[in-house]
Structures are given as structure tokens and as C-alpha cells.
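Visitor: Two independent chains are provided; combine them into the complex using the hints.
Line by line, the protein sequences are chains R and B. Be aware that the first sequence starts at 79, since it is given in the numbering used here, and climbs by one per residue. Be aware that the second sequence starts at 98, since it is given in the numbering used here, and climbs by one per residue.
Just to be clear, a hint being listed does not mean it is correct.
Claimed, not checked - Below 35 Å or equal to it, Euclidean Cα-Cα: the simulated DSBU-like pairs (lysine-lysine) are:
id	chain 1	residue 1	chain 2	residue 2
1	B	K414	B	K338
2	R	K119	B	K554
3	R	K115	B	K561
4	R	K163	R	K119
The hints are simulated quantities; they were obtained by calculation from the structure and are not laboratory data.
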Amino acid sequence: MDMTTQGIPTAQPYVPAKPAPAAKVVARNVNVHYGEKHAIKDVTVDIPDQAVMAFIGPSGCGKSTFLRCINRMNDTIPICRVTGKIEIDGKDIYDPALDVVQLRARVGMVFQKPNPFPKSIYENVAYGPRIHGLSKSKTDLDEIVMTSLEKAGLLKEVKDRLNDSGTGLSGGQQQRLCIARAIAVSPDIILMDEPCSALDPIATARIEELIDELRSNFCIIIVTHSMQQAARVSQRTAFFHLGVLVEEGETQAIFTNPREERTRDYITGRFG
Amino acid sequence: MTDTTAHTTSAIARRRFDTTSPAAQAAVRRRYRAEARFKAYGLMAIATAAIFLAVLLADVFMKSLPAFSTTSLVLNVAVPADLVAPDQKYNPAAIRNADYLPVLRNALKAAIPGVQGRGPERTLIRLLSSGAADGLRERLAADPALIGTSVKTSLLLSDDADLYFKGGGTPIFTRASRGTATPSDTTGTITITSSAADFSENLVALKLIMTERASLLSAEAERIARSTAPDAADRAAELRKQAEELLARSKDRTAAERLDSRLPSLLVEINGGLVKISEVAADRIEGDVLLTLASTNEAKPGDWRIVTYARPESERKISDLEVAFLERFKANAQVERSFNWRFFTSGDSREPELAGIRGAVVGTALTLIVTLALCLPVGVAAAIYLEEFAPKNRFTDIIEVNINNLAAVPSIVFGLLGLSVFLNFFGLPRSAPLVGGLVLALLVLPTIIIASRAALKAVPPSIKEAALGVGASHQQAIFHHVLPLAMPGIMTGTIIGMAHALGETAPLLMIGMVAFIVDVPTSITDAATVLPVQIYLWSDLPELAFQAKTAAAIVVLLVFLFVMNGTAIWLRKRFERRW
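Bound-form chain B, shown alone (with noise of 0.2 Å):
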């Protein structure tokens, strides 16, 4: 009896889990580092996800800084007291009617005094934005009074002045001066000389870009006739010749060298005005007056400087005569930089500085409100008649596996279907947000069908026996109890859905959505567009302004997408019950 047991028990000993061992321990240790390495899978992946969206959306945000801000000049405004005939002056209809071009160009040359000549006045007027003057209409709309009077208004900018003032111009440099300069006029072409050989370092830098070019030249010719071309070789003579003139004149040191727009530009800021050189020498310049000079008197050393626009005049698209004037407005304090409302508060435009986003914003709402409205329910409902009602036959089987295709259609083909049924057929406004939020809601619909029906599957069919005790039918079972916990589901189909419907172009695009829509859409059957095809479209444009607005379009989107998630979210944790 002993012996038996004693057998059993060191048997049962023997069988133990080993713990202690070398090899046990080692084991252990390969679990660990295994377990570690899973884990740093895992954060390595989420890492490379995190920095990717983190590089995306700094990208997009950074590119679109520059158009959440505008540039405008404020200036004292003169508005003439017959801007209205007189029994029209307060009527707000005749005030924002009236031509306020003569108002804004003769602020413009109070402003810079001494621009003649018809040229440089359109080049001033072209600097301002073609709605400057809506600000000032609107304020003299709404206050009549002021008509007569010198108003100080701002006047926003064009978008190629607003984009030379957040960087899109040119370095600019400024040289003292050593000896006194003499202009011989004030307007048009002048000579200045210089009493102390100022120009001498542009003419060196000068000299040495010709020397640059020649050899340039040169080996363009020697490429030239190494190659089989029939006038190969009349060409590249022609070449070496030109480099040869060039060499020339780059050597021969006191020659004046004239400049071309390939060249940085080089200027002179002297007695108030400002002159740009189109021939330097050691000791003196020829040049055109852009900003007219308050004299000819003499300018002592220090009273005067030679200015350098970095950037040559043809990688430029703003010219040295809008430069010249830009500069003299910041140099008088009149630019002021102030956050873009505009861009919330207006539509489409083809001029960057006036284009906004609401009508885009307004067309989504309007479009994802009427999906919402249309596919939330019909979803819900047919999950819950093909989870509950529905017999199980092959009709039922067929109209599944249907909705499981449908979510796999690609979305243009739910375009053309809305081009030929809602357009063509049933006649419905075309690019309207009613047509879109149609198309839309097909889209979504088989997205949120599944997703419910999984929602109500996942319900324990305990409670809908213990209302089935009670006495419920089967329709109060369903909606008394089975739905509100299935919403949570529910709800997060709802929010993919919507997301992936935020974010369609191709099928709106083929419901005419594509159209160049101004005005700001007020109810689901005025012609609208959505974000996603505004950015498309204002992608597009040849205007650099556009690149920045752009990626405001895309940020707006981004925050329109969060904010409609993140309410989602939220009502979807309000109807979570514990169980």
C-alpha cells in the first residue's frame, strides 16, 4: 500500500512543470524578447503611420498659411462729393452702382505723387484687387454721409501684389553710397554721376558675367559643331563670334555695359525717387525714373544708395515698376496684413484674392444633409427587415449578396447613373445638392446596410427573448430593445459612410458639380458644389495664388471632416449602454 503510493506521489513529483532549470529560464527569456519584438512591431508600425499623416498634414498646412492672409493698402480716399447725382445719394442701390475707378485711381496718385504717363498709371491701378472697392462701397451703402469727404479705407491687393508681399518677390539689397550723386532731371531718362566711382563693384560683377557668358557660348558652339546638323557650322561660328564680342567687352574695363532682364536689377534711390539703371559705367549711370525725384539737386554721400532686386526681372512676375511701387507703399506704413476673412465669406471667384470657400462649404453641408437623410433610414431599415423579417429564401439570399456587390461598385458608375436617371429622366436640377446627396446616398447606402446588420446580429438574443416573454411583439422587441443597443454599430457604419461620401469627387463631377458656381447655394435645388471638387477645380488654375488656396480648401475639408466625425463620436457614446 505505502510502496504504491509512494510510487504515485514521486511519479507525480517527477511530472512537475520545470521552472528552475538553465534551459526553463532561457526559454522564458526567448518568450520575453519574442513578446517584445511583437510589441515593437506594432509601435513601429503605428510610428510610420503617425509620421506619414503627421508629414502630410504639415505639408498641407504649411502650403496653406499664406491664404488664410490678405494684404490690403489703407489709404485716405477722397470720395468725390458727385460720385451720386444728388437725389440719388441715399439710395444704397445708386452708392454700390456707382464707378468708383476714378475715386480709387486718384487715391492711388495722391498716394505716389508724380506718376505720369499712362503706362505706369495702369500699372499702379492694376496693383489693387478688381473688388478693392468693395469695402468702401459698402460703407458708404450703409453711411451716405461720408460721401464728400476723405475716407480712410483698405483696399485689398491684387494676388500677384499679395504674394510679392509673403515672399514671392525679391531679396532686396541696399549699398551705401560714397560720393555725392548729381541727377540731371527728375523724369524720364537721366543720367547720374557719381562723384566717387560708386557704380565701379556693379560694373566688375558685370564684366564678369559677360566673361560667364562667353565661355557659355563658346562651349555651345564647340557642342554645335561636334554635331551633324547640315548648318552646323555657320551656327556655331555665329557663336563664337558673339562670345568673342563678349570676351571683348568684358576685358575692356571702363566700357559701360547696359542691362538686360536676365540681370538682377540695379537701382538708385536718390532725393525721394527712385531710378532704374539700364547702363552703368565706373563713375555714372544712365537709367529710367519709376518713382519721380523731388529735385535735381545734388544728394551728399549717405543721402542716396544703390539698391539690387536680387531676382532678375523675367523669373519674376511681378515688374520692377510694381516692385518700386509696393516698396514705397510699406516704406509710407500704408500695407496692412490682416486674417482673410473673405476667404469664409465669399464664393468662387477666377481672381485668387477675392475666391472663398463657403460655397463649397454651404454645397457639402447641404449635399451630406440630404444623404444623411436619405440613406441613414432606408439603411437602418432594410438591415433590420433582412436581419429580423425577412424569410430565408433564395430571394433573400440573392439581395444580399447584391448589397455586398453594390459596396464594391466603383463610385463614378453611381455618377453615370445619376446623370442618366436623375438628370436625364427624372429631370432634377443638374449640379444641385439634391441630384448629388441622391447620388451620395446610393453610394453609402450598402456601407451602412452591412454595418447595421452585423450591429444587430451582435445583440445577445437573450434580451430579445426576455422581451418576447414579456409579452412584446416581435416589432416592439426589435425597437424597444434590440436597436437602441445595436445603435453604437450602427452609428460607426454611419460615420465611415459619411466620411467616404465627404470625400467623392468622380460621381458629383459627372453630375455637373464641375461648373464654375459663384454664388452661394441657399437651398438643395440651387446649383452648388462640394470641397472636394472645388479643390479639383482651383488645382487647376494657372494662378500661383491658387496653390495656397488650395491647401486652405483642403484644411477646410480636413476640419469639416473632423468636426462631423467627431459629433458622430460623440453621439454614439451618448447611446453606448453598459451591459
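One chain only, chain R, in its complex shape (with noise of 0.2 Å):
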């Protein structure tokens, strides 16, 4: 900063601001009723772009139930009943205008026990791109397929064998082959609910690394057990608690100086 000689720090030459980057999701008072239960309680919060948001917070606390919401996945559940207002770039996903299978091309989604399809490797990758009829000629889907396993780190590994069972390759593997299934489309939004917790600790490593390089490309929420995770991959954490979002904020400020008390208390281990 310039200093005058008497110590008034003199006007830096104008910059206009950046303008802060438009949340990519942003939800509004948002309940989940699973028939009588009342499983999220007025969830608000902006999820930025290319970058990773962590859920933490103890079992049973509703992150996977929100984290559904946004691809709306929980129009499966005929009991379950979705208030308030989730926006995806400025579009509400609940109008009834709106197409959920288009949605949910937009909007990937990793579950936590790795399914495959019981296909082929390549037709695993390859039946998204297909049915949304992103590729014109066999050559440009084969392209997608190498990107995608490319992309998700598998690609070395299956280079040989593409015609193999997708569920014939260990736990590890087969997770990653769901991370290029759902990458396959080009979402703009991956969701990953407790990928890692089926896998060993060298898997878990490997997705992380994966999960930081897909960073500057998608959006990626992530629900997370393991706080440890949640501080290494992601830059955004938000804490839920019996329903309640309770906090939300930068990685770095909620491990290390969180503002709640709840927070503090499943942080340092008091319970979770």
C-alpha cells in the first residue's frame, strides 16, 4: 500500500471490482418431509462453481436427503415431499416445466456402493452420451468413452479390456468407472454421496486426487464422514445437524475457528 510521508495511505489507482462469481446452486428454505418426519429443516445456502463443497455432519443428519434434492433424486420416494427453492444458474429445478431427465444429465451423481452397470466397461461410459445423443458417429463416442475413463484415472488400467464386466474389476476401480460414467455426459454438476466409504485408504487417496482435478472443471459437492476428507478435498463445508444446516463457510475457517458451538463439539469429537 503507498504511503504519503505524513502516513495517509493514498487512493490506489481504480480497479473496478470483480464481480464475486454467481453461486452455481443456490437453495432457499428448503424442507424434505419423508411422510410425517421432518428430515430437512429451512436449508439455505450458495454452492460456487469449480469448486468442492463438503457436507459433514453426523449420521442420519440429512446431508445425503439435501444432497438428493439437487438432482432430485427423491422423486423416486413417493413419500418423501420437497419445499422452498433450489436454483441451478438461475433456473428453479422444481417447475413442473422443467424436464428431470434433462436435469439429471446436468446434474451427476456417484453413490456410495459403486453400481456399474452389468455391461461392458465401455458401454458403462458409453450409455449416457448414447442416450442423450451427444456424439453423432461411433468414432466420436469412442472418443467421449477414452476421455471420460481418461479423465477418471481408469483409463490406463481398462485400456485392454473395455469389453470386459464393469462389475468384474475390484471396489476402487469400479468406483471410478461410476466417476467417468457420471463425467461421460459433460454435467456441469457432479454430486458424490460418501463416495470413498466403500473403499481402502489407497482408493480413497486416488479418488481425492481425482476429485481435485476435476475441481477446476465441475461443480462437486461431496458428502463426506470423514472430517479428514472434507479438509483435504473440499473448500467449502457446510455442517448439518438433526436437519438444520447449522454452518457453512470456507474449509480452512470452519476446522479451524468454527463460530457454533454444535460445530465445535463434532469437530473436536464430542459426538458424531
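Guide: What follows is the structure in C-alpha cells.
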């Protein structure tokens, strides 16, 4: 900072402020009821693009439920009722005029237990692009498959057995296949529901590496039980407790200097 | 500190699982014995079922064997040049419509010379089946140049003659002669005298039978005398008189005896002919000539024989004359046994030797194709709708309950439904595979729906979620992912349903498939019959030969079932995906 001889800071040349990037996902007063049970209470949060957001909290606190609201997977559960507003890129995703199938093409999901289709590795990755008409020819489709497998860090291992069954891979490889399947349709947002909980530490480390690489191109939201993982992988963190969003902010801030007492208790291991 | 740890460790040691004491070992041995017993029960259950199945199959198979072979006469048939008009000689239709009866008659008479009289001639021609000329007919129609020549052809025998050669006749015993025999004539009723009392054994045997009969009659007389019927005394007296006469005759060693049809038949084979004995004395017999003798010359000992047909004529369907003819054909090596291809190539017939299973097999195949084409798509679609798309409300519950109820409805009710709706209201052709298939499809539909639903429910929801997560629509997720994984279960349901449909008789009887259908059906609107109904119809017919045919039809039905199920299981294996 420039200072005059009298110690008064001089005005800096005018640089127009960079506009804060608009949040990719905007949630306002979201409530979710499973029949009688009020699972998510008045959640309001902004999720940024090109970053990893982690949802942490004890079991049953509603983080997976909230995650599934973002790609409307809760629609498959008949007793589930969602109220409130969730906007992606400014458009309300619960608008009746919106096609939920196209939404799910833009918002990919990776589940807790790897669930590749019982088809070949190639078919697993090619299915999404094929049904959405993203490829114009076989070579196009090949390229999409190869690129996705490459980005998921799986290509080197399965390059020469693309026609083998997807279910014949190891757990870590299956999960990477699921990630490749999710990114093959070029979504804007990737939702990951505890993707490493069924994997060993080495496979977990590779997936976390992968998430770090993908961050520059996608908005990634990851639900995780492990606080260490959240600390390693995410830029922003949200702490849920009993269906309520207790605290949300930069990961560093949450873990070193949480504002709420409940957050502090959870992080220090008092409960959870 | 050490005290407490020592205390805790010994406490832990004390609570360790006891494996070494005799009681523990006895418990282990008890467990092993219980497991071995359980395995033995399972094995016994399977063995019992297997034994029953093996016995059933063996019985059916053994009974069916006679139906798979057929007996024919191989004769040189002189086809007269005037069989058809000269200008029609190359017209196949005219050749087929010609009268072959005189041709066959002449061929038979040429094979057995000396048959005279309308009676014996009729007996001879009745040995052949009514369709005996079919082979000859086709050969001449294909090659008219054979008309006017002598053609060696096989002529199908009638069902009684066929059964004779399959063991339905009589055991035949031959006894060598000791003396010289002199026949009195070559035809008609003749006398044969023997120089060495050759017939004395037969006479003695007859006398013994007389004695037996006499004692039976007196026993019967006693029984009647003791009864309280009004004319008991008179009847008893009459029977006693008959018994006495028989006894007197049997005691008279030299008197000749007449033979009746309740006794085994006795015949004399002499000078190339055959004489049926009607009266026998020790050194002389009187009888009727069945096969003409070559001459009235003397026959040296060893050149003539005494033949016994052990089963009396009254217990046989085939008379002595017919046996004589058939044995002569056999001696001339003119009888041929071959595989019964006709059983598989011709339709039903009133004549057992001409009846075939082809009509029923084709009818069954057409009916099952209609059934499968209707119930598989409808059943799977209904299951998918109920499982995935139907709203969970009361209406859906009612539908589900009713589908389960339909699976338990007796099959004959479906037949009545077919009769009233398909035949009377819609006016579809009676006894057609189309209607049969419709009725059976209704029958099988609940089974397929229930099995398909179970198969769809068994697919893990993670697959559907994964598909939805990639952005597939509900329909795409179902048809691309869930349905292929549910295929093995759906195929199992289909196999069970189709096997059920294959054996259903009652509903098909109601829609008229009980009619006697001769032609092989060519489309699903032709009148047809199906295998179970054919079995039912044949089992009811009086001719003895149909019994073997019924068993053979059962064997064909079982083979049909195995082939159908085998194909379905192979298809299911191909659809099965490992996960």
C-alpha cells in the first residue's frame, strides 16, 4: 500500500472490482418431509462453481437427503415431499415445466456403493452419451469414452479390456468407473454421496486426487463422514445437524475456527 | 493391580468354549449324526420321487414300444395293364383313384395258392389294412411305367394281424410224428389216418380235460342244489346229468372226442397244407383243410407234424385260419417289420395301423405359438406397469388381488369362457388353434404376471438409481437396465406357464377340440386337435392296438415338453448376466 510521508494511505488507482462469481446452486428455505418426519428444516445455502463443497455431519442428519434434492432423486421416493427453492444457474429446478431427465444429465451423481451397470466397461461409460445423443458417430462415442476414462484415471488400467464386464473390477476401479460414467455426459455439477466409504485408503487417496483434478471443470458437492477427507478435499464446508444447516463457510475457517458451538463439538469429536 | 489382572485373565480362561471334555465330544458327535440324518432324509425324498418317476416313465415307454414298429407283407404284386384307361395312364389322379382291391386280392391268392371260397378269401384280404395299397398307389402315380409289370411292394397289415406279430397271438408248439399219415383229400373236410397212433397223447389230454369239466359241473350242480331258487332242483339235476355224460365219455378210452373253441386248437401240417382237427381218435383225425394240401400222398414219419395253438380260439381276436395264413406268410419270409414312420407323418384315423400323431403335434405347436405370442408380451407389460408405473392406490390393489385369484381358477372355467365369448359371441372357428391359444393364454397370463413381478422386484434398486443418475428417463431405466436383468426370472415363469398350457385338456375340450380331426392343420384357423386331447381320445377307443398308440402319444408329449423346456432354459442361460 502506498503511503505519503505523513502516513496517510493514498488512493489506489481505480480497478473495477471483479464481480463475485454467481453461485452455481442456490438453495433457499428448503424443507423435506418423509411422510410425517421432517428431515430437512429450512436449509439456505449457496454452492459455488469450480470448487468442491463438502457436507459433513453425524449419521442421519440429512446431508444425503439434501444432496439428493439437487438432482431430484428424491422424486423416486413416493412419500418424500420437497418445499422451498433450489436454483441451478438461476433456474428453479422444481419448476413443473422443467424436464427432470435433462436436469439429471446436467447434474451427475456418484453413489456410496459402486454400482456399475452389469455391462461392459465401454457400455457403462457410453450409455449416458448415447441416450442423450451427445455423439454423432462411433468414433465420436469412442473418443468420449476414452476421455472420460482418462479423466477418471482408469484408462491405463482397462485400456485393453474395455469389453470386459464392469462388475469384474475391484471396488476402487468400479467407483472410478462410476465417476467416468458420470462425467461422460459432461454435467455441470457432480454430486458425490460418500464415494469413498466402501473403499480402502489407497483407493480413497486416488479418488481424492481425482476430485482435486476435476474441481477446475466442475462444481462438485461431496457428502462425507470423514472430516479429514472434507478438510483435504473441499474449499467450502457445510455442517448439518438433525436436518438443520448449522454452519457453512470456507473449509479452513470451519475446521480451525468454527463459529457455532455444535460445530466445534462435532469437529473435536465430542459427538458424531 | 496384578491381582485384578490375574483375576480377570483366569475369569476369561474359565469362560472359554469347552471342546475337549467327553460331554462336549458327545455333543459334537450328536450334531454330526443329526446332520447326516438330515442329509439322508433329503436323499430319501429325492430317491423316492426319482423312483416313482422312473417307474412311470419306464412303464409308459415299454407300453409304447409296439406302436413304433409296423408289420407289412412284402409281395410281388402283378399290376394289371388295365388298371386305368389307356389314355389316362400318365394321369396321377386317375392312378390314385383306381380300384386296387382286385389287385391286392390276386396278389394274396398268388402268395397262398389254393384258397377257395368267399369266406376264406374275405378272411385273407381282411388281413391287410384298408390303407395297404397307399404305398403302391404313390409308387405307380410317380412312375406309371410300372403299370402292367410285377412290382415288389410292402402292404400294411391290419391292426389285429400287426398285433399278432407283436406277441398278441398264441404260442405254437409242434410235435414230430412217429407214423405214416394218409390224408383222404386235399380240400374240405378230410380224414387223416396215422399208422402209429400219433394222436393218442392229444386224446388222453382231452379225456383229462373232460374229467375236469365233469367235476366242475358236479360242483356247480351241488351249489345250485343248495340254493333256494325255485327251479334249483331241476337245474341241478340237469347239470348232474351232463357231468355224468362227460365222465362216461372220459372213461371210454377209445371213443373219439370233438374239439371246441374253448380248447387249444390242434392242427396237422401235412403235404404243404394245414388241417384243423375237429374230431380226434387215437390213430385217426377228422378235420377241415385250412391250407390246401399239395396231394393225397402218404407222408412219411418226420415229413408231417402235429401243431398246437396253445391259446384257445375263444380267447383270441385272431382265428385259426388267420393264424394259418400269417404263419404261412412268415414261413415264406414275406413278413417285414419296420419303423413306423407313418405314426409321425399322418393324421388321426379310425384304423389303428393308419393313425398318426402329426395332426396333434402340429395342432399343439400352433396352439402354443398363439398362446406364447399373446401371453408373454401382455404378461410382461402388465407386470412392468403394475411394478413401476401404477399409482399405489386401492384400484391397483384390487387388480393385484384379482390377478392372484385368476391363477387359482379351475381351467375348465376358462374353457367355458372361451366357448361363450370366443365361439358364440365373436364367432371364431370352432376347434381352431386360434381359439385354443386364446383360452390357454388367459390361463397362463396370471402365472407370467406374478413371476415377472417377482423377477422385477428382485433387481437391485441401485441399478435403477444408477441409470436415473446418468439421466435416463424412467422408461429407459426400466427397458435398458431392469428388464434385461429380470429376464431369467421372467423366462422361468414363462417355462412354467407354457408347460402348464401344454398339458391342459379340459378347457380345450370345451371349445370343441374333442372332434375327430383327420387332416393335419395348416393354419391357426383350421380345425385341429392337441396332444393331450388326442391321448384322451385314443385311450377311449376299443381297438387293442390303440393302447400302444396312446402310450406312444404320451411319449411324444413328454419329448415335446423336454424340447420346449430345454430351449427355454438355454435361452434363459444366455440372458443371465453375472453381477
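Visitor: For every hint, state whether the structure bears it out.
Guide: Evaluated hints:
no. : hint            : in the structure
1   : K414/B - K338/B : holds (33 Å)
2   : K119/R - K554/B : holds (33 Å)
3   : K115/R - K561/B : holds (25 Å)
4   : K163/R - K119/R : holds (13 Å)
Taken one by one, the earlier hints all hold for this structure without exception.
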